[in-house]
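S.K.: Protein chains in written order, with numbering that gives the first Met the number 0: chain A, 0 to 157; chain B, 0 to 157; chain C, 0 to 157.
Some clues are possibly wrong.
To be verified - Some chain A residues well away from chain C (every beta-carbon gap over 12 Å; in silico):
no. : residue
1   : N44
2   : K114
3   : E131
4   : K150
What the hints assert, rightly or not - Per the computed footprint, the stretches of chain C lying under chain A, defined by three or more beta-carbons under 8 Å from a beta-carbon of chain A, are:
no. : region
5   : 84-92
6   : 121-130
Don't read these hints as lab results, they were simulated from the structure.
Every residue, glycine too, gets a C-beta built ideally from N, C-alpha and C.
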Amino acid sequence: MDTGKKTLIVFSGDLDRAIAAFIIATGAAAMGDEVTMFFTFWGLNILRKAKAPRHHKAMLQGMFSAMMPRGSQRLGISKMNFGGLGARMMRLVMRQQHVMSLEELMASAREQGVKLIACRMSMDVLGLAEDELIDGLEYVGVATYLGEADKAGVNLFI
Amino acid sequence: MDTGKKTLIVFSGDLDRAIAAFIIATGAAAMGDEVTMFFTFWGLNILRKAKAPRHHKAMLQGMFSAMMPRGSQRLGISKMNFGGLGARMMRLVMRQQHVMSLEELMASAREQGVKLIACRMSMDVLGLAEDELIDGLEYVGVATYLGEADKAGVNLFI
Amino acid sequence: MDTGKKTLIVFSGDLDRAIAAFIIATGAAAMGDEVTMFFTFWGLNILRKAKAPRHHKAMLQGMFSAMMPRGSQRLGISKMNFGGLGARMMRLVMRQQHVMSLEELMASAREQGVKLIACRMSMDVLGLAEDELIDGLEYVGVATYLGEADKAGVNLFI
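From just these sequences and the hints, can you work out the full model?
M.R.: Listed below in structure tokens is the structure:
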């Protein structure tokens, strides 16, 4: 339903799903909607800086962050990734087709005022500190997401 | 909420998720709802013809379509597929249990007037031409989906 | 939209997605919402008893249930599972971070009155009998889910 607001939970850290999420978000924002994207679990990898300050992490907590992709440029696709080759192909075809790249979509989302919020609990579990993620985020709990969803007419889990 | 309308984004091209999507769609249509299914990315494979006219495609653009499954009969399941064996087993058990096959569900959806719309941008990225997909689709952009979602009370991303 | 009711379709049987589903469900219940979780396909594995009565099953029907994880303790994570090691790591880090385990979240959901309903058709396809699942469930068809979703303002597919 149209309430002028939409929310997306971005759980997945796959390039293809991230692109879908940001196309929906920027499309809705272009139509005048307020959009909130709640990044949780693997979806946080989309927001990682390629080069982040080093942190001394507890061993277990540091293992996920050490092995997960550092930022949007390193994401794989959910099918036919072939060790990153599929992701590169998808990026190339998108450029040929004059489709915005994930990074351009992310920049466009921010210019249009899409609100990006990061799940604090997932950050703790995956061992990601605030300064390892891109700037301008809010760090929140599930209650904040639920409050936004209660105002929105379209809510998706991606 | 009940607005008499529901939408489904079908992003996944897995047999099990496709079945779930069409069971929800046909169930809602049987209860009198207007249903729109928006096929994007791998979900487009559900709509491919098994035998389609050949197209001369740019090399990169043709690579995805050459490697992706051609139509509903060739989809794998998302877990325990074992090179297609799992999908065959699931089809067999469904027949034993008198559950409609994916193809029967798709036919039923169309008879009941479920609207099938295909994401034009994804078709371009994956190298799929209109005549490679089943007939009777509309080819649209994300704005069309968003317009439908704004009228619907239940919107899912599958 | 806030109608005081939310529904979640739990299609996935991955530990990480199950945790996300129950965090959303218990969070919403804590805020006073009525919550219904509809378990279908692999999501049913979350509800399996670790030790269930043996059933004589038709060969094909028994194959899925024989190979699928028996209950919440045996679920893998959707990324970096490494044969169960990833799931164990995630559980350990969650305990260190004082996040509730999946089993605690499930108990909390039930205490708060979250309604758990299981898809009868999926049970038949995957060969799961009622007494192989935890107690207190309702066994329903898609029409029951759709009726609940029609009353809910937030509906997610996980």
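S.K.: Hint by hint, note whether the structure agrees.
M.R.: Here is what the structure says about each hint:
no.: 1; hint: N44; in the structure: violated, 10 Å
no.: 2; hint: K114; in the structure: holds, 17 Å
no.: 3; hint: E131; in the structure: holds, 16 Å
no.: 4; hint: K150; in the structure: violated, 7 Å
no.: 5; hint: 84-92; in the structure: holds (count 4)
no.: 6; hint: 121-130; in the structure: violated (count 0)
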